[in-house]
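Peer 1: Here the protein sequences come in this chain order: A and B. When the letters of the first sequence are read in order and numbered with this note's numbering, they come out as residues -17 to 449. When the letters of the second sequence are read in order and numbered with this note's numbering, they come out as residues 223 to 770.
The hints are simulated quantities; they were obtained by calculation from the structure and are not laboratory data. Glycine residues also receive a C-beta, built at the ideal position from the N, C-alpha and C atoms. Among these hints, one or two may not hold up.
[To be verified] Keeping only pairs whose Cα atoms sit at most 27 Å apart, straight-line, the calculated DSSO-like set for lysine-lysine is:
no.	chain 1	residue 1	chain 2	residue 2
1	B	Lys254	B	Lys655
2	B	Lys371	A	Lys163
3	B	Lys765	A	Lys137
4	B	Lys616	A	Lys163
5	B	Lys767	A	Lys26
6	B	Lys254	B	Lys663
7	B	Lys254	B	Lys521
8	A	Lys215	A	Lys246
9	A	Lys138	B	Lys767
10	B	Lys521	B	Lys663
11	A	Lys215	A	Lys306
12	B	Lys712	A	Lys137
13	A	Lys246	B	Lys521
14	A	Lys372	A	Lys405
15	A	Lys215	A	Lys405
16	A	Lys26	B	Lys765
17	A	Lys75	B	Lys254
18	B	Lys663	B	Lys331
19	A	Lys352	A	Lys176
20	A	Lys246	A	Lys75
21	A	Lys418	A	Lys90
22	A	Lys405	A	Lys297
23	A	Lys138	A	Lys26
24	B	Lys646	B	Lys712
25	A	Lys11	A	Lys246
26	A	Lys137	B	Lys767
27	A	Lys11	A	Lys63
28	B	Lys712	B	Lys381
29	A	Lys176	A	Lys297
30	A	Lys75	A	Lys405
31	A	Lys297	A	Lys215
32	B	Lys338	A	Lys138
33	B	Lys371	B	Lys357
[Said to hold, decoys possible] Chain B regions said to be covered by chain A (calculated; three or more residues, Cβ under 8 Å):
no.	region
34	297 to 304
35	480 to 492
36	558 to 568
37	613 to 627
38	650 to 657
39	687 to 695
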Amino acid sequence: MREVELAIIGGGPGGLAAAIEAYRNGVRKIVLLERDRSLGGILKQCVHSGFGLQLFGEELTGPEYAERFTKQVMELGIDIKLETMVIGITSDKLVSAVNSAEGLISFKARALILAMGCRERPRGALNIPGTRPAGIYTAGTAQRFVNMEGYMPGKKVVILGSGDIGLIMARRMTLEGAEVKMVCELMPYSGGLKRNIMQCLEDFGIPLRLSHTVVEIHGRERLEGVTVAEVDKSGRPVPGTNEYVECDTLLLSVGLIPENELSKMASIELDPATSGPFVDEACQTSAEGIFACGNVVYVHDLVDYVTQEGYLAGKSAAEYLSRKAGDGPEGGLGAESGAESRAESGAGSGAVSGAESGAGLGEKIPEVLKIHAGYGVRCIIPQFVRRSCKNDVSLFFRVAGNYRDVVLEARAGGRAVCSVRKKVVSPGEMESIRLKSEIIRSINSEVLEIGIRTLGDKEAKETKGEI
Amino acid sequence: MRIGVALIHGFFAPVGMRFFLRQIIYNRGVVKVIYDAAIIGAGVVGALTARELSRYDIRICVLEAASDAATGSSKANSGIVHAGYDAMPGTLKALLNVRGNGLFGEVTKELGVPFKRIGSLVLAFSEEGMETVRKLYSRGLDNGVPDMKILNSGDEVLKMEPNISAKVVGALHAPSAGITNPYELTYAGLENAVANGTELITGARVIGISYDGYGGHDVNSGHDECGDCGVYHGNHGYIGAGGYDGAGGVFTINTARGPIWSRFVINAAGIYSDKLSEMIGDDHFSIRPRKGEYLLLDKEQGHQVHSVIFQTPAALGKGILVTPTADGNLLIGPSAGDIEDREDLSTTASGMENVTDGALKSVPGINLRQVVTSFAGLRTVPSTGDFIIGPSMKNRRFINAAGIDSPGLTSAPAIALYIRDILKVEGLELVPKKFFDPVRKPIARFSDATDEEREALIRDNHLYGNVVCRCELVTEAEIVEAIRRPAGAKSVDAVKRRTRSGMGRCQGGFCTPRIAEIISRECGIPMQEVRKNEGGSILLTGKTKGVQ
């Protein structure tokens, strides 16, 4: 058992930024645990450019972006353990891991940062009928084969799902000489970034079939073709729209799932909307001293945001450690939120939430302000904000559909405390609202609700397929 | 002088010299090996039969068409060890089911295969259903099923299984039912057989069989057998009239890997067992493929039920079951649909709907969002309605073990003994070997080990410290061993079936490239030749531009 101040699980962009920022804020005994052969996470296989625009104002490739951080981490002399798989964590921050050089190792950490990232949804989760031949890969697996191992997974490709990795791989496979026949998207809109649709599909003349899915897989040994069909609003195939597409490869880009198996081991509470832990504005989870950042919390649009969140988690962990060194214990998220009665979140826009009545009874307002998803919002990060926080807080959220001419609003007790006007919002791009710390302090309801409101109070219209 | 591949393997088998000399004959200058018994088909029946026969001082080979064992019905079934109340009394199914169930504990213990006697419940949702439950109970009594009990109220059932639908009104409880891992049992049986001298020849699809009967004999010599199907009925094992002198001819089995010679042939060819039988001119039965589709759910759903949950049987099968698997997942299925194509393992939207509807009827709380994968298997339904086990009427040295549909897995250990008895009667001399070792050690699983065991594993083999499959916590050491073992894995799926790599929630997303790399390294083949399973199922079509 080794004692450390801070253990970080995952050496991708989130974990790297967290390590650097924790060090800058005075934490010295840090261990960074990474299961792959080198640091950088999925960035290593993202050889395309476009990383770092927000943070550095430069277009870097994935490996270049990663390099900036891995170099720093090395220079700071942070203890890095590669090819080390964390196999268990506990809520009192005991970390057990394994590698071939040292065997089983364990750490007693005073603070812990979870940065395990996410994984891709596999075919099984989709339950596509048909055979089970070779040639069906998640887009990320194919990306690893092409970009890191130097092998082509196939020659004639259909891509299901227009997530960013799928879009990137459509271009990558085309550049490597494969024929990408189409990208099918179940939804009437793409879940990927606008710029990726333009640069990866439109520029190469690859058709994007919205409201289409793969309904059957053919071929016994190697994939021989797929049947695609149009789907109706509820996602069911429309009879008579079946079309056979010959291909030897099907790439799936149908969603990413935060990897929270370890979080569950430590009984950290997870948000069903994000599949990641509930976090507060300082990235702290429901377990005291355990922080989380990056795609393990929710799937970010850009690595730049993951890095920023990593910095925040690193800084928060450092502050937590210095507070702990100073005085007594403090509760994690769960300590206060557990006792509260859960307020009903309003379903329609402008609905008065139960929170108002709860707060009006003259009871002590809890220290933690809950953030709920209102109309048109699918999920929000963070889900909790401490009223005593000294800094402004950015709330990130994903909308539930495509909307035009809307106002993004934060409402407390039926009153808008902050709003942003937007011409267009879509589920493919995260939205945010920045709350000033004095506004947070002024809120006296239990719940802050984030919702969208269409201008002129008209019913919000989902625009099919357009962005 | 050219020496057959099989012979070279034979040198390493623990066989006596006397025996050796008996087996080699010189034919135009070529060394020809004549096996005593060739088992065709490396499914669970073939594997356990081979293992049983490997106790004796005879020369055995197992011929498998695919590149790996357990790729037919033995791979894709419910993995249930049935109690034995389903089959009609007096049938081979009834006899071998109950007997096989009784043997399962010892066989799986010796072979290091998971087996949990978790019991089964047949749920009734109506008085009509209870009628069936009572019928099954009395059938079970006739068949000799131990310790059954009728639960006469829904409450009693819910006390045992709280997640079952509140609509349940009663059930049949059979504590002797259990769960196992059907393909692991197959591999284990084969590994043990090979360790005891059996030769496994994969990729050896049988093309034709001829018989040189210089020791020829009468095939209809008044055995106690059923005139319709040539099956021996009786409650004390195989009874034959005997009367052969042990001499006889030799089968020439033409395979995709060349000819194999054997004195006896055991037809354990599963879904193709009727086709194999036709090769010697025996077409008295036929096999109909009946597809069963399944859904496998995440281990988080594995605790929905603690025993095997059946509904009262339907015309085409035992209905949709809900069961934990030996590995801790939840399995629901199978659907049942007669099909023509013996290679059709595709799943269908309607089949899967049928499975989910049926499963939710029993256990409404199953979270279908946690489906990890779906698959289909084929039942080998015999035209006779019962297992077809016995010598062929056309040639008594051709022993059928055909039409083994449910409860075939359960019966397999008993079928192996039954075939042994038949061979004995048909004139195969079975002298126990001096060195037979019944124990097969499983690949030590890192994920199942305690901390102390894990440390010891890594100390002995540092590759136990390299986790390759994150979801199932499978290490490089396990994968390498799965490849290197006798009857070892050569493809990604074969590794998966032996180690669980890629069976978890990410379904191989992260580990497939690593496993392909290990197979490439261990088998000495380029990455482009690594396969998912059979023939054309290559993973990669070439190199990228930069590295060509």
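Peer 1: Compare the structure with each hint and give your call.
Peer 2: Against the structure, the hints:
no.	hint	verdict
1	Lys254(B) <-> Lys655(B)	holds (23 Å)
2	Lys371(B) <-> Lys163(A)	violated (59 Å)
3	Lys765(B) <-> Lys137(A)	holds (11 Å)
4	Lys616(B) <-> Lys163(A)	violated (55 Å)
5	Lys767(B) <-> Lys26(A)	holds (19 Å)
6	Lys254(B) <-> Lys663(B)	violated (33 Å)
7	Lys254(B) <-> Lys521(B)	violated (51 Å)
8	Lys215(A) <-> Lys246(A)	violated (35 Å)
9	Lys138(A) <-> Lys767(B)	holds (16 Å)
10	Lys521(B) <-> Lys663(B)	holds (25 Å)
11	Lys215(A) <-> Lys306(A)	violated (53 Å)
12	Lys712(B) <-> Lys137(A)	holds (24 Å)
13	Lys246(A) <-> Lys521(B)	holds (13 Å)
14	Lys372(A) <-> Lys405(A)	violated (32 Å)
15	Lys215(A) <-> Lys405(A)	holds (24 Å)
16	Lys26(A) <-> Lys765(B)	holds (19 Å)
17	Lys75(A) <-> Lys254(B)	violated (67 Å)
18	Lys663(B) <-> Lys331(B)	holds (10 Å)
19	Lys352(A) <-> Lys176(A)	violated (32 Å)
20	Lys246(A) <-> Lys75(A)	holds (13 Å)
21	Lys418(A) <-> Lys90(A)	violated (37 Å)
22	Lys405(A) <-> Lys297(A)	violated (35 Å)
23	Lys138(A) <-> Lys26(A)	holds (25 Å)
24	Lys646(B) <-> Lys712(B)	violated (35 Å)
25	Lys11(A) <-> Lys246(A)	holds (26 Å)
26	Lys137(A) <-> Lys767(B)	holds (13 Å)
27	Lys11(A) <-> Lys63(A)	holds (13 Å)
28	Lys712(B) <-> Lys381(B)	violated (46 Å)
29	Lys176(A) <-> Lys297(A)	violated (32 Å)
30	Lys75(A) <-> Lys405(A)	violated (45 Å)
31	Lys297(A) <-> Lys215(A)	violated (45 Å)
32	Lys338(B) <-> Lys138(A)	violated (46 Å)
33	Lys371(B) <-> Lys357(B)	holds (12 Å)
34	297 to 304	violated (count 0)
35	480 to 492	violated (count 0)
36	558 to 568	holds (count 3)
37	613 to 627	violated (count 0)
38	650 to 657	violated (count 0)
39	687 to 695	holds (count 6)
Consistency with the previously given hints fails for numbers 2, 4, 6, 7, 8, 11, 14, 17, 19, 21, 22, 24, 28, 29, 30, 31, 32, 34, 35, 37, 38, ordered from lowest to highest.
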